[in-house]
Every structure is written in C-alpha cells, then in structure tokens.
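Line by line, the protein sequences are chains D and L. Under our numbering, the first residue of the first sequence carries the number 545, and numbering increases by one thereafter. Under our numbering, the first residue of the second sequence carries the number 779, and numbering increases by one thereafter.
Bear in mind the hints are in silico, worked out from the structure with no lab data behind them. Cβ atoms here follow ideal geometry from the backbone N, Cα and C, with glycine treated the same way. Watch out, some of these pointers could steer you wrong.
Below, in silico cross-link-like pairs of lysine to aspartate or glutamate (EDC-like), each with a Cα-Cα straight-line distance of 16 Å or less [to be verified]:
#, chain 1, residue 1, chain 2, residue 2
1, L, 1081, L, 1038
2, D, 647, L, 1253
3, L, 1098, L, 1018
4, L, 1261, D, 681
5, D, 604, L, 1253
6, L, 950, L, 1179
Cβ-to-Cβ under 8 Å is the rule here; a few derived chain L residues that face chain D [to be verified]:
#, residue
7, 1174
8, 1175
9, 1211
10, 1239
11, 1241
12, 1243
13, 1254
14, 1255
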Amino acid sequence: MQPWLSPVLKEENDVGLSDLMSMAKPNIEARDKILARISGKELVNCFQCIKCTSGCTALKLLELKPHEIIKLVNLGFVDELPSSDIIWTCVTCLKCVQRCPQKASPYHVIIALRNLAVEKEAKVPERYLKAVSQILETGQVDTYQKIVTRKMETVDRESLKLPKICAPKESFQVVFMKAMEEKTV
Amino acid sequence: MTRIGVYVCHCGLNIAGVVDVEKVAEYAKTLSDVVVSKHYTYMCSEPGQRMIQEDIRNKKLDRIVIATCSPRMHEETFRRAVAEGGLNPYLTEIVNLREQVSWAHTHEPEKATEKAKALVRMGVARSRLLEPLEKRRVSVEKSVLVVGGGIAGIQASLDLANAGFPVYLVEKAPSIGGRMAQLDKTFPTLDCSACILTPKMVDVVKHPNITMLTNAEVTDVKGFVGNYEVTILKKPRYVDEKKCVGCEVCAQVCPVKVPDRFNENLTQKRAISIYSTHAVPNIATINSEYCLRLKYEKGVCGKCQEACEAEAIDFEEQPKTIHVKVGGVVLAVGSEVFNALQMAELGYGRFKNVISNIEFERISDASGPTGGKILSPKNGKTPKTIVFIQCVGSRDKRFHEYCCRVGCMVTLKQAILAREKIHENVKIYVCYIDMRAFGKGYDEFYGRARDMDVDFVAGLPSEIHESTDGSLYFDVFDKGTNKLLQIRTDLVVLGTGLVPNKDLADISALLHASRSADGFLLEAHPKLRPLESAAAGVFLAGACQGPKDIPDTVAQASGAAAKALDLLSHGEIEIEPLKAIVDEDLCSGCRICASICPFLAIEMKTDIIEGKEGARAEVVEAMCQGCGLCSSACPTGAIKIQQYSSKQVMIQVDAALAESCAEGGK
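Sequences and hints are given; from them, build the entire structure.
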C-alpha cells in the first residue's frame, strides 16, 4: 500500500481537527507567515464553492475538507493545523488546483502547513519519515512489491527477469540532504 | 499682465484627507501672477462656484486654475461657472488632485502634498497661455441607427419611432427577436416570453418610422456625433422579401438538412426555411452554406423554386449595400451564452444528458424540439432527477470573473417549470455557491422554488461521470449538512452565464466604443452615465454593456432611446471647440496626418506652392474631434491642437522641472 494512503487517524494519541479547533483562537501573525510562504493572497482567495471538497480524493477515506482548511487559514486559525494529522492526508492529486474557479489552491496551503509542522517539530507521520529514509537508501519513494497475478502466481522483479535496482551513489545522499535543508530554510 | 485665481478643493476628505490643501493654497500665492488663492470644502457646490464668480468680478481675474477632481468629472461644471462669472470658459485650467494625487498616494501625505504643489505650479504656468475659444455648433441628422434586433433594439426602436424620428434597425439574423424569442417563460412572473415579445416584433414591422433591415450587418461608420454615415450590408436571402408569403412549402420539398440555430442545434431544419415559428419578417431564407444549388452549380436541385407558387425564389440575388445618414447610434447587440465545452470536467459535449440552460429553455418551449415536454436527450424519457449546476463559466477566473447576473434566476425559473411540468415525479437539485435573487420580486420567487420542493445544495460538484446506462452521477459536498452527497441523475442542466458577443470587437472598432476588461462595451461613467459609450452619440442598450435580465434590458433600452432623443431633438448640438489647426507655411504635404486621422477629418488640397504643384493638409472642422493624433505625428509641427499646442504643453514640462532642478542644485 502507498504509504500516504494508510489511514492516518488510527495512530495512537491522534488528535482530530474538530477537537483541536473547539478552543482555538485566531493568530493573524502566523496566518501572514503562511500567506508569505505561498506568495500572494490569491491562493487563499476563496468564496467557498466547495468544488475542492466535492472532488477531493482524500475526502471519502480520510475526511480531508480542503475548503475548511482554506477558510481556517483565512480566519487565522493556523496554530492548530500543523499539529493536526489531517494535513498529512492530502494525496497531492492537484484536482483542487486545477478546478478552483478563484485560482486559489488548497494544495499549496496544505503543503505550507506541512512545512510549518516540520519546522515546529510537530509530529510528522512516521510513514513520511520512512519515505525519506527510503529515498536515501534506495533512491525511490516506494519499494518494489510482490504481486499476485490473476492466475494466482506470485511474481516479483526477479521472477520477471527484470534488472536489479541499484542503490544510489553516496553522492546522491549528500545532494539530497543538502536540498532538503535548503528547502526548509 | 495676467491675473490668475487658484482654487484648491478639499472634496470633503477625498483630497484634504491626504493632501495638505491649506499649504497648497498658500504655496500658490507665491507663484507669479497669482492674485487670489483659496481653498474650500466643495468647490463644485453652489457657494464654491459663487466664490469663483465673485472673484472674477471683484478682483478682475482673467485665468482660473481649479485644483480638484478629474476634468472628466467636473470640467464642464467649472467652465459653466466661469462663463456665468463673465469670463471665457476656456480660460479655466483643471488640476487633478484627486484621482492623480490623493487617491493614488493615500499612504504618503507629505509626498502627495509636494506633488499637488508641483501640479498646481504646472497648471498656473499653462493657464497663462490659454486662449479664449467659442463652442462650435453643428447640425444633427434627425434619425437613429439601432444595431441589434433583440428586445433591447426593439424597445429602443419603438421608443424612438414613437417620438417621431426615423429609425434604421439592423439585425444580423434573418428574424428580429434575439435571445428573448428563444426563451420559454420569463422570471419572476412566468409570463410566456413569446406572448409578450411577438406583439412588439409585429409593432416594429408595422411602424412607419422604422426601417427594419434583417439578415444585414453594419460594415462601416464614418463621421461624428450628429452626422454619422453608415454603410449596411444586406446579405442575400435568395428569396424575394416582397413576394414570399411565408407558406413554407419550399421547406417541405428541400432535401438538405441543416442544424437549427434557433433550437440551439438540438434539431435540424431544411436549407430553405423560416428562422423560427414566430419569425418577423415571416420570410424564408436559404442557407447558402448548405443549399445544393448555391453550393455547387446551376441546374442542380432547384426544387424549392419549382414548388414556390409566389415565384419568390431568386438564386441570383446579390448582397446589397445600403448607405444611411444618422445622428446617433444605439448599440444593442446583446451577448452570447457561455460555451460549456470549455469546462471539460462537467462533461458537456461528451455526455448527451448534460445540457446548457439555453438548451433547456428550447426543450421546455412549446415551439421547441420536444413540443414543451421535458425529456432527457439521450433516451427521450422523462427524467426522474434533474440537477442544476450554477456558475458555469462565470465567477470563475479561468473563464469569466464577473457574475452573470441571470443564472440564479434562470435556474429557479427552470426548476419551477420542471416541477410544474413533471409534478411530483421528479427530484430537483440545485447546486449553487450563492443564490443571488436581488431584483423586484426575485427573492419571493426563490421562496416559491423552495415551496415547490426544490432541493438546494450549497456546494458545487468537481466533476460529472456517466454510467453505462447513460445516467449521470457525481459527488457533491453540501455546506448545510456537512456531508458528501452522492447524486445520480438523468439530466444535468448547466447554469451557463452570458459572455460578450464575438461581434463586439468589430463594432467597438467601427464606432470607437471602448470595452471594459470583461469584454463588454464600456459605459461613459459607471454610475452617472451608464447609457452612453465614451464615443459621443453612441448609446448602449442591453446585454452588450454587461450581462442583464429582461427588465433591466428594457429599462436600459428606453433610457438609451431617451438619451438619443436628447441628442436629436434640438436639431443642432454644441461641440467642443478643441480642434486641429494647420499652419500652411510649415505643412510639407506629407499626408501622414491624413492617413492616421481616425475621424477622416483631414483632406489634402492641391495648391501651387512657390511655382510648383504641391499638397497641403486641411482640417474639416465639423469632423475633427481634437484627439491630437495628427499633431503628435506631424514631422514639421505644422498641425496643432487648440489648447494643447507644443508651447502650452512644454511650459508645463518646464514648470514641472523648474523646482526639481533647483532642488538638485542645492
């Protein structure tokens, strides 16, 4: 299973968005920080047509409501969002970006919130950390898998006589780490 | 020795809130020749104007500089005031401290005050060189051209014709009636559209003052306000308008099928046919793109000619050019409906059961393809669920940013019609962002739709899918219930908005009528002059100025007609004296000015110059609009615009630089 598709909310000590929001207060400074990150206010210029949520790939399983996130950011309720697990459920299909009639983009806001979460050292789902270490080790986001065919045969790369995948060179890891550091600054 | 009066206006707090008006007035006193310098809350008010007039009399002022709002706003007002004070009105100079200073530099009051001082200094410098001018009077042709025969054009034509002025009504389609003729019912009263429109269409034909030119287009406009020379191209119908009796026997024998434009291409008609069931004039037209005879060669087909007892069919008919002289023009070319093909996610064009609201209108109309029964296009069955989706193509930065103003009401009307026609056997959903029911009786109409069990879903779907049986399904998140609704339906009606007419590009170029950013024609002032275009003598009616419903369109059309009457009624109008003048000694006869003049106001006359034959430019006064293109293009400086000669402009530049040079030297 793709790491980002396994239900996030089932991890221990998870906090849902509505629990966090019940006592929340707006924080305009933090809001402006996020707006600066996504360069320009147009990205949150939303009139709540809900097209993003209607079409959201992560909504049915994971209850991600992009329109809600955009509205929360607009009103300044940003302190709680990075600590919520909901921001990690976006599968980055970019449908919301493509179809938004106001050229706003919940996707960019969610990515900004994720970066904020990393900076604040809030809890990042383990799968993401795993994904990072996996890239470092194998150069790939996902490991290759064994597959059961219709004839109920189990096949993998070896049985299909596909070439072996080499581990990346050490220099790759250096470049990758450097790029990650630069991005977070 | 000139005696200059400077008046600085506060414009309430519009100017005074940013610019230190007192300082500016004090500064003006230090400029040479300035005798009086005052500031006042509202210069344009009665006491403000009186102040200027008293100073002209008592202090013998001969130049007036008013630092206030844009000259577009109140130049006329102040000129009139100055004239009443006994001075030539053209000795007034307006300095713009509002649009160009206080509104532009709200956050920098000190710099704004400095800029205001500089502008006043420039204005004072220029005022010394102003010359007294007299307004020109030109006669006005007492007739009007109305472009577009929809409800706007019809209403404007009837109003003008009833007032006794000849009207030329030009319509591109073979029949007048426009968009309104295609509609089934009208909101919020549910009047039958045809029942209230067709009598008006007949009135147009019968009116002795209206010359109706259908199947025709305006191809050229020359001249200026009060004296337009218009060229109209009348395309051939290939049917004699006088002989045809409208029996449509020809259509029964014609073998060629063509898409029916009036029915939004939902059905087909014959290559020779009458435009619609209630077309005016009720005359057949041959579609030359499809007719076998016209497309191929002589001797082919010709069945209609054989069948026509009135002998009205004439394959040899040629396009005709008609020239008319008119005093004013009413533009009523209307709008188009957004083509939902551009919004791929909704499946219009891919799925047969996704239709636009204008197509629904034809399906619901008794004269339409289904005889007024609401049926799904794919299987011809009565739908069990109908979904309306709002804001298709409008309020959308990918297509059109504006609100289409009619979409919500159209959908409410169509939802009510569907409920009335299919009764309780249909489930009706309306997916919307905001429901805008702002007109008289409109919100009550919204209430009526809710009473009739129409379900409103606050949210738009992201995409529509089709299942194998032709039904459609989609997910939509509803704000009210905070739930993802999964809807399955037989018919989706897209609330497509109104978009600018494709012809507007040509029309705006022909008449110098500018367009706003949204593509519609631009009014002279958004609040105070909504019926006029910036080009003098050109008036706007209906949806060509912006999306509009029928009540607003009719109101604007009558208003535009009244404006045109105002222009025609005196038989003569005053026009600005600012015009081009040629210095014959400097003119080299290069013809650059004549080639660029947009008003064709420059003629070249041949002359004997120093024994040789040469040409010289001559300005046709009545046609010159004082735009200044010629003056800036003239290589020898022979042609200049009154009040804007190089001297008058350069002295301002000098004044602008004077202080800054001094500052630089410090």
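Now the hints, each set against the structure:
Taken as a hint, the residue 1081 of chain L and residue 1038 of chain L pair is broken in the structure, with Cα atoms around 20 Å apart against an allowance of 16 Å. Between residue 647 of chain D and residue 1253 of chain L the alpha-carbon distance is near 21 Å, which puts this suggested pair outside the 16 Å criterion. Proximity of residue 1098 of chain L to residue 1018 of chain L is assessed by CA-CA distance (about 13 Å); at most 16 Å being required, the pair is judged to hold. This hinted pair does not check out: residue 1261 of chain L and residue 681 of chain D have alpha carbons roughly 42 Å apart, beyond 16 Å.
Pair hint residue 604 of chain D plus residue 1253 of chain L holds up; C-alpha atoms about 10 Å apart against a cutoff of 16 Å. Among the hinted pairs, residue 950 of chain L with residue 1179 of chain L is inconsistent with the structure: their alpha-carbon atoms are about 28 Å apart, more than 16 Å. Hint status for residue 1174 of chain L: holds, given a least beta-carbon distance of 4 Å to chain D, under 8 Å. Hint status for residue 1175 of chain L relative to chain D: holds, with the closest Cβ pair at about 5 Å, below 8 Å.
With a least beta-carbon distance of about 4 Å to chain D, the hint placing residue 1211 of chain L at the interface is held under the 8 Å criterion. For residue 1239 of chain L, the interface hint holds, since its Cβ comes within 8 Å of a Cβ in chain D; the closest pair sits about 5 Å apart. Contact between residue 1241 of chain L and chain D, as hinted, is supported at the beta carbon level, the nearest pair being about 6 Å apart and thus within 8 Å. The restraint placing residue 1243 of chain L at the interface with chain D is violated, with a minimum CB-CB distance near 11 Å, outside the 8 Å limit.
With a least beta-carbon distance of about 5 Å to chain D, the hint placing residue 1254 of chain L at the interface is held under the 8 Å criterion. Residue-level restraint check for residue 1255 of chain L holds (minimum Cβ-Cβ distance to chain D is 4 Å; threshold 8 Å).
Hints 1, 2, 4, 6, 12 from the earlier list are contradicted by this structure; the remaining hints agree with it.
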